[in-house]
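Visitor: Residues per chain are reported as follows:
4 protein chains.
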Amino acid sequence: MTEKRSAVVLGVGPEKGLGASLAKRFANEGLHVFIAGRSEDKLEQVARTLRLNGGSVTPVVADGSVEHDVIHLFESIEVNGYIVDIAACTVDSNISMPLLETEIETFTQLWTQNCLVGFLFGREAVKAMLKQHRGTLFFTGATASLRAKPPFTSFAAAKAGLRALAQGMAREFSPQGIHVVHVVIDGVIDGERARQHFPKFVEAKGKDGLLQREAIADSYWAVHCQHPSAWTHELDLRPYKEPF
Amino acid sequence: MTEKRSAVVLGVGPEKGLGASLAKRFANEGLHVFIAGRSEDKLEQVARTLRLNGGSVTPVVADGSVEHDVIHLFESIEVNGYIVDIAACTVDSNISMPLLETEIETFTQLWTQNCLVGFLFGREAVKAMLKQHRGTLFFTGATASLRAKPPFTSFAAAKAGLRALAQGMAREFSPQGIHVVHVVIDGVIDGERARQHFPKFVEAKGKDGLLQREAIADSYWAVHCQHPSAWTHELDLRPYKEPF
Amino acid sequence: MTEKRSAVVLGVGPEKGLGASLAKRFANEGLHVFIAGRSEDKLEQVARTLRLNGGSVTPVVADGSVEHDVIHLFESIEVNGYIVDIAACTVDSNISMPLLETEIETFTQLWTQNCLVGFLFGREAVKAMLKQHRGTLFFTGATASLRAKPPFTSFAAAKAGLRALAQGMAREFSPQGIHVVHVVIDGVIDGERARQHFPKFVEAKGKDGLLQREAIADSYWAVHCQHPSAWTHELDLRPYKEPF
Amino acid sequence: MTEKRSAVVLGVGPEKGLGASLAKRFANEGLHVFIAGRSEDKLEQVARTLRLNGGSVTPVVADGSVEHDVIHLFESIEVNGYIVDIAACTVDSNISMPLLETEIETFTQLWTQNCLVGFLFGREAVKAMLKQHRGTLFFTGATASLRAKPPFTSFAAAKAGLRALAQGMAREFSPQGIHVVHVVIDGVIDGERARQHFPKFVEAKGKDGLLQREAIADSYWAVHCQHPSAWTHELDLRPYKEPF
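Protein chains in written order, with numbering that gives the first Met the number 0: chain A, 0 to 243; chain B, 0 to 243; chain C, 0 to 243; chain D, 0 to 243.
FYI, nobody ran anything at the bench for these hints, they're computed from the structure. All figures in this text were calculated on a predicted structure; none of them were measured in a lab. Each hint should be verified, as a subset may be incorrect.
Any copy will do: because identical chains look the same in the list, a pair fits if it lies in one copy or spans two.
Stated by the list, open to error - With a cut-off of at most 27 Å between alpha-carbon atoms, the simulated DSS-like pairs for lysine-lysine come out as follows:
(1) Lys126 x Lys240
(2) Lys130 x Lys240
(3) Lys199 x Lys130
(4) Lys130 x Lys206
(5) Lys130 x Lys148
(6) Lys148 x Lys126
(7) Lys240 x Lys148
Given the sequences, and given the hints that come with them, work out the whole structure.
Guide: Set out below in structure tokens:
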């Protein structure tokens, strides 16, 4: 009997978003893909496209900050007999705001979306992976994971927490065969979000001034394929002309 | 008319704790001290001792994770006509736990106690300090602020968030005259908590193997006294024989 | 006319060493490989093996710390009409020594071998690459690049210098199309050096407890293949069971 | 018999320079001060001023990069019966230069002045201090110690090496009672060098936009006075309005 291998991507939204592009790549590599996100419409659209490309996919409506949803997501995978080769958390919620105007709800929401989601998803992913003694768990970070700059202080506080979570999990679970990876996306991803919210910025950056989603997916895949004797825990991804 | 100058310390608990020792030092330097914490009994005991030493002190029962309490704390200071020279956040809540056994409540509570408290306290402190265009705001960090090691991953995720908050606030408010400081306590503080919870560890460490609270207070005071042309944002404090 | 594409690897010594393995991988990918090192015998042996595998290779005797040798190395490449796609500096010289016993010659030699070599090689590589507006320049770091621990303080001082060099070069030359990469090898490489000098350690570490050279080469190649919109500047490589 | 206590400052040049200001402060605190530098004229001038202020001082002509000079400096101290309470290395040599124009001599000289000097001075200082089982050893870093930015890449490579040296020495010698400190000067020091070389920059920065030398000396002294149960290894010093 062949293993039924899968990847699960949390944070799948618009078709032109990082989550969808990772899912597409994993599907192209022959994995069944569980795509999870809050919008059923968007998930269905991404699922349709993946299937047209020959991919095998299961959409699961889930809010990564709701424990029950995350547990249910991984139960669905197990119930269907799938092994989780890859679990990628791409949820990312950013708000630019002077600190004195930041309300407790905003500070809490940013932490919930960026860090608590990572905790719930990571914990459940590892539980699944430990059964098979292997698997790659990706957390998607940002420039702010390493440096807190106003007006992104609240976002940075959340992302720094996520980074520490990833680091602690790597130390705890690597020896058990789970590859925990923190990817620092140091720049703007070329996708629907950027093109809708700051089209002029996108235009000014020009070709390759924004991270191409397929290029990001290449590196996720390459890191997943690393031999356990030489695993990467953290890497940055940055457009060649991005100042840093 | 003379300015009524004060310090406010959040996280004052047992008399042999960091909060009380900072309050004592600030009182010795002639500042009126507002001490805040959750236990009225403990606050009263610390207040009595400070007064016996000639200090001027106001205890304020407050839970740093409750927005209303923190706002009320700073209102009490203002209503009484005090200027805030120093605001020190010393709340610190730590739990050692394997990640897979960590419940969402624990992960959230650690963040609430260590990071959200810092946000609320820091925000309100800066609002008060900006009126006078000066003041020193201290955040108390830990070894885990810089490195996430199991079984302290959840604690580290919270403390890393606090550190990013402090860094972002320093960048935002230093140019307006607010000195924001992040102190990395890299070791165990000699106090009631350590002596109660791990007495053997305390004994094994021996003299000066634990951070003396008065020694910590010395450095807080020295940093507060720094000239604005040469401010420290981050410093570590570590017993001389602590491995790092 | 087809471009004559090549890779150059500095620090090629024993056949079972990182330099030789990188060269082999680049040759397998179809690049002509210039291998450089101080021992003509070792270079010839590696060259023979590469050719037996179908590789195209030119050995160049060169001491990376001698400016004339490094300049001559890149002149040989240009004279032969080759474009440099990849330049990899793998020279690594380590000595364990208490600081008080460290002589100025030792401290200087470690810097010369680890940092000055990187400067000379990097500078000449960039000069060559700028003509073609592309190329990947690898610097090979170590655990000590990030943390100085006795008795490796002198080694760490040299490797930290190399890391800063790589970082500054990335900032200076990335916008001109040169991909500068710093690889932190956080563990012991399985090769002739380790097996000769500490065989018991090698045995104790067990399978995959040492970095497999082919696994390292995989990641170098993957990073070289990254799209310019999502380049990695720094990544760590570590055996899954290596504490960090 | 009273101990004859002293401080030694390496890198004393102009009267309005960091070295001289540190020496002045240590003299004011009652320590005999050995001031060392390459220019006899400048040393004599600083010595005269210190003596006019009531200080006790011995000038020693020494090039910190010449091993014999450094050894001789500490021999002079011992021969005169002095104990070294403080040893401060303030040598700092910076050059702004595009990497491709940087000659091997420049790269080497920057390392020699910034890093090798630190090694020689630090090693000899620790040898002296271990006899008395105490002492504070200061290394003076810069913004570039933490971040390599062109056109300061070569300077950064040297300063990063110095930082690693300091860190390794702290780990090796702290448990033996030697307090090793790395001070990151993140800004421009108000002194003769800045006022001569970039007077417009100095004017534009305005009051407190440059680090006041006396303010720096305050922090060196405060760190020296720290209790061994709570030592700082690294701190930054930065004008309040300096972006970072």
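Visitor: Going through the earlier hints one by one, which of them does the structure break, listed in rising order?
Guide: 3
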